[in-house]
Amino acid sequence: MAGVLLIGSAMAQDRRVSGKVVAQEDGLGLPGVTVQITGTSEGTQTDAEGTYTLTVPASATTIDFSFIGYERQTVTIGTQTTINVTMVPDAQQLGEVVVTALGIVRQRNELTYAAQQVKAEDITRTRDNNFVNALSGKVAGLDIRQSGTMGGSTNVVMRGVKSMTGNNQALFVVDGAPISNANTNSSNQMTGRGGYDYGNAAADINPDDIASMTVLKGAAATALYGSRAANGVIMITTKKGRKNSMNVTVNTGLTVGNIDKSTFAEYQKEYGAGYVNDYTRQVTGRGGYSTENGGFWNRSVFGETSLIVPFTEDASYGAPFDPNLSVYQWDAFDPSSPTYGQKTPWVAGRNDPSSFYQTGINATQSITVDGGGENATFKAGYTRNDEKGVLPNSKIVKNIFNLGGSYDLRTNLTASASANFTKVDGLGRYGTGYDGNNPNQQFRQWWQTNVDLKEQEAAYFRNEQNITWNWSDETATSPIYSNNPYFSRYQNFQNDTRNRYFGNFALSWKPLDWLDVLGRVTYDGSSEMQEERWAEGGADVPGYSLYNRTYSETNYDLLVNFNKELSEDVTIGGLIGSNIRRDRVNSVFAQTVGGLAFPGLYSLSNSFSPMDAPVEVYRRVGVDGIFAAANVGYKDTYFLDATIRRDQSTTLPPENNTYWYPSIAGGFVFSNLLGDESVLNYGKLRLNYAQVGSDAPALSLYDTYIINFPFDGIHQTSVGANKQNPNLLPERTRSVEAGLEVSFLDSRLGFDASYYNTTSFDQIMGVSVSTATGYGFRFVNAGTMENKGFEISAFGVPVRTENFSWTINANFARNRNKVVDLYEENENLQIATMQGGLTLNATKGQPFGTFRGVNYVYNDGQKVVGDDGYYLSSAPDQVIGDVNPDWTGGIQNAFTYKNFALNFLIDIRHGGDVWSLDQYYGQATGLYPESAGLNDLGNPSRLPIEDGGGVILPGVKEDGTPNDIRVENYDSNVTPYGYANNPTAVGLFDASYVKLREAAITYTLPSEWLAKTNAIKSIDVSVVGRNLWIIHKNLPYADPEAGLSSGNIQGYQSGAYPTVRSLGFNVRFRF
Amino acid sequence: MKKIFLFILPAILLVSCVKSLDDYNIDQKNPGEVTAGSLFANSSKVISDVLTTPSVNTNVFRLWVQHWTTTTYTDEPRYDFVTRNIPQSFWTQLYREALMDLQSSRQTVEADEFLDETIKANQIALTEIMSVYAWTVVVNTWGDVPYTEALQLDEHGQPSYDDAATIYADLFSRLDAAIEAIDPAADGFGDSDLIYGDDMAAWLKFAHSLRLKMAITVADVDQSTAQAAFNASQSQAFTSNADNATFEYQAASPNNNPVSANLVPPFTSRQDFVVASTITDRMNELEDPRRDVYFVDKVGGEYVGGVPGLTSPYSDFSHAGDRITDPTAEALLLDYAEVQFIKAEAAARGWGGDATSLYRSAITASMDYWGVGSSAISTYLAQPGVNIAVTPANFREVIGNQKWLALYNRGYDAWVEWRRLDYPELEPAQNAEGPMPLRLPYITSEYTLNRASVTEAAGRIEGGDESGSRVFWDVN
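Quick mapping for you: the protein sequence lines, in order, are chains A and B. Per my numbering, the first sequence starts with residue 1, numbered consecutively. Per my numbering, the second sequence starts with residue 10001, numbered consecutively.
Bear in mind the hints are in silico, worked out from the structure with no lab data behind them. The structure displayed is predicted, hence computed values, not measured ones. We put the beta carbon where it would ideally sit given N, CA and C, even for glycine. Misleading hints may appear alongside valid ones.
From chain A, some residues computed to sit far from chain B (all C-beta separations above 12 Å) [said to hold, decoys possible]:
1) 22
2) 347
3) 662
4) 794
5) 805
6) 954
7) 999
These stretches of chain A come out as covered by chain B in the derived footprint (C-beta under 8 Å, 3 or more residues) [as the list claims (entries may be wrong)]:
8) 431-441
9) 603-614
Using the sequences and the hints, build the whole thing.
Structure below.
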């Protein structure tokens, strides 16, 4: 009854207020601004032109205008009926609303934990197809590593690695729906043993559909996600239609990419094919190469005995180039070659392998239509990417459809739904790791500098056969190790298709002013098909493999949420809810055996020999959670939050499968206690504590056997390498975080700083055990890992005038990870074994991700050489480095002058190591300039010492005096470079970099030009660039960021891809 | 408010669901139980594979005994076993696969309440014989190793190392028990017996032959045990090549002979191996008729091997023979020639028999096996380099030289016998990275995962845990 009376009395004295809201930076109407009567939930939104009309009760005195990215404004109504407002961009966004865990919207002021907002423009500005890449350098504490291949995966780790063997990828949540960011890469791929990087699944999200993004970093922010909260959450809110409006946005863009040559191999141009010149023949009197012309075969071909390039030798430690010497090279044995049967001059290849890389093209077209009527809103979007990679025969086509809408069933009951469909079709993804289908294996590790790449190209295209430089012998019928790289690209290509569906359906009911109830079902599903091939005529056994995988996650959520002002000073809020999650993975992998019966037919039934049974995986996870949260605010100054969640997971044994995750947090806006004259505009302290966790991987409890390929029809089985554990407990992370948020000088300068300390314990891990136990691994709860860190994001507006503004956003993060404890008295947990005698480990007392292997011996920081003049080796299995950077940072500058805007981002990583198999092998095979040239005496270092050659390695002798022992450098076995005579540490480099990551210039056409059209509201034209310049790095010939895949194995390069520098334009039309 | 319950009620009902999802924990695609025969079959293949493969990641003994050498990548012939972690791979396949599967097979047999007792006894005996065989390989390679505490993860996560001689003593008694237990007339593992096709009488001969081999292995350190074991089995061992313990591979991958997998198309395009000059020179000198089977591809009219440790262009040298690279080539676990060599040596040691005629019989058995005709054998036996009377003073050299030739396709056993007999006299490879290995060092992962035990064991080794140290039976 009271309500009715209230409404009645309000109606009696209603008046209408209208006006236009414009943005300060361009003076254009700002659609979607929330216009609300202060202290109530009554309000509206501005329409497409930025205008609004609001019915205001007599009791109302002020109206609030708020919009993401702008300072909140409160205007006194007085007697006005027209209120026009200019919204000022808010560098720190204090007044705005923030989307927090489970999609709960909170005022930024109330937050008691770190949450960094990222604006949609910052993600889409430079038009990267994988929006995750665009986060690099923009969020303090978020470590982004791009593997560097077309469509490849991106590693997303927040505030350090917490789980030694489990998943550490941040959780993506789109409009309340958790979205998988898993990759489907094989363990062989991730450890550099070949295969393709199929990308990370978050890349299926349409960047143009993102309205805003909140990065929830710590456990207190994410605690409501319970057993999947440990790694931080990236909350994405997609665009929504607005009532009574209609907008059309069209983007069209094109970027072209070329490799950054500072990230690719440079070659010495003095010596060609071979491992050795005439050493073998001198010693044995047979074999080897001819003494007179050291470095060549002297064999009978084309009716004469003549010098032939030793094709089999995939190294460049051979004969010195001599343009006056003609020899039979690989092309002389290709009957279709114009040089068939001819000797050609012995010179360095005119086109080195960098010419294999072509210009990549990436075209993006997108259209978004959104709007709404009185009771309903809708949006529809379509984005198409056509990406042509920098390798021949590579492309990815991505089609993304989004559909969403809401309908007010009743005044307090709204139904909403969204559906997203992404179709990704890949062809010719880049081969990775130590594999013939990665051209960089030959280019960076096993190459002959005499080969002209363009001639290889011509040879392939003459008849599409594998005319390789790496023949088995002078009959030139088959390759020994390396294919013609064009043959590999055009014949051994893969293809894949991923269909991704995600979306939600929700009913939102607001029975009372202070209470709303949300019921929601979210679904994320994908089906993938991957086909890989190996063609007849290549170095590998011809074959075909097929992988099919379906994945789904379904969540059922119920949330009851309330917010109430108890008195003028006290507000309380809270929620209770439940979540039911069901995950399912189902996959089948099969491949042909022994070759293909009919060449060129890629099907399983074409297997030459009987096939292995397909490998099937079927894993399900069910987690049920119930949770509650409460928050209290006092005088907008003191805030207290508490949450609790109980999860029950199927992956744990029934008696241990239920567990609780609490959090408690407080905020104190101390600036409210200071006078208005203070230079401090805003100041808040935050402190919180939380416990979150992680359940076990599916199927970790009970032992199983492996069924091997039968022998002549007889079954063969083997005990599995993993000893499972029926007594597992959940893995836990405990976290404390303190924060300080301040702004000064009219909010033109400020920062948000956090310190955190998290301890992850009871880790569920497959620890390696002595194989004398009959097992390789056992699942245990053990190990403790600590992450302590400091991060700060700061902003400044050095200049803000009517026509010109300059804004700086900078962030810095420093994380210190430490493996505190491992299983029982173990000192080391091996995460992966890599080629090159290297392992990646968790070592007690060290940061996670130590590289172990054989080190140099040092004396006062100088490498020590032995009596033979080569570097001494330490004992095996020493810690030689680790992957963790000392700190990371980013500096983003934005300048606006009238209609121009310039943005650029410097992305910095300082410290940490990377280990390069490319250097390990490539130095020893004599590819790089360091291995040739003149020595300290001014003579070619590759001459024998007795002829004045050889080199003296920098360092000291065992007695501490400077090294003066000369070593030979004419044969890959005696070279002091690379793997042959060095410890594992020869491949280790500092991984620091400073990059000009992105830059964009945008010109907004003056609105008066468009006024006549009546249709077009705005046109923005941008010139954009990504990965423009690596300002500083210490790893030669490669990008220290390049890796193999997302996941826990980082910092290892094998056949690394060069970085693609892209440049292009984008035009955005708004209708 | 009623509507709230419309939402909450189904949600609460669903929340209790996880309890009913027990089957989520059960792997639907991999078995929790399997047959003992399938485990036995698998372990037989693993043992055969690991001893036969020339993969430089696992088994480099053919290179070390200089039967073969490599073309371009000469690290392994130069005794670099660190880069590829070869000891680790060899160890892991023996412990974690072969021995673990045999143990699991045995436990499965023992747990089978419905199995006929005679068959059960035979099956247990077979798992024991193969286990003893695998254990001798482990001990002969490293010396002291985890034994009594091995293969029991729950009880011994960090198994201690046993004294090698003590392990050998236990292996003798396990083998004795297995020999006692076998009923030659009854069945064993049936079709799952990939070595003798369920012929238990053949297994009995194999067990006796294995006992001879173990006896001669320890002859220099424990003559009484050796002689007793020898006497107990010498009349019941192999009597012809028909008795050989063989593993017959198949034409198609993955069941082809691992030699073919690493050497010949279509399995690989690589050309990593040529035969070594050490063996070609020796066989050329003796005009050995086995050359045409052992080798292929004459260079300049003769078989020419590459010099171990130097690069050796593939087409400049001879290669392993077609019978050896045939995908269906059988692998030998133990053969008649070896038994005859053992008997010859036993005779020379004074345990009875005519050493010289047994030596000739051993060479004849090897030649027979490789298809050499009888006249060629006679010619060979008659030449001065071969026609030598075996005496207590010269048996190491005379038998060692010929056994090394006979064990051409069995690099691992050739390495064991070369270490034991110290003949033939092999020169270290060119540019050797260390001494010629006399054992494998303990694997790196033992030092990280089982440090106390392995360190204790390493401390017992005279000369330390090095490849130049000796196992207990290698006294000189």
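Hint by hint, here is what the structure shows:
no.: 1; hint: 22; verdict: 42 Å, holds
no.: 2; hint: 347; verdict: 23 Å, holds
no.: 3; hint: 662; verdict: 19 Å, holds
no.: 4; hint: 794; verdict: 44 Å, holds
no.: 5; hint: 805; verdict: 48 Å, holds
no.: 6; hint: 954; verdict: 23 Å, holds
no.: 7; hint: 999; verdict: 44 Å, holds
no.: 8; hint: 431-441; verdict: violated (count 0)
no.: 9; hint: 603-614; verdict: holds (count 4)
Checked against the numbered hints given earlier, this structure breaks only hint 8.
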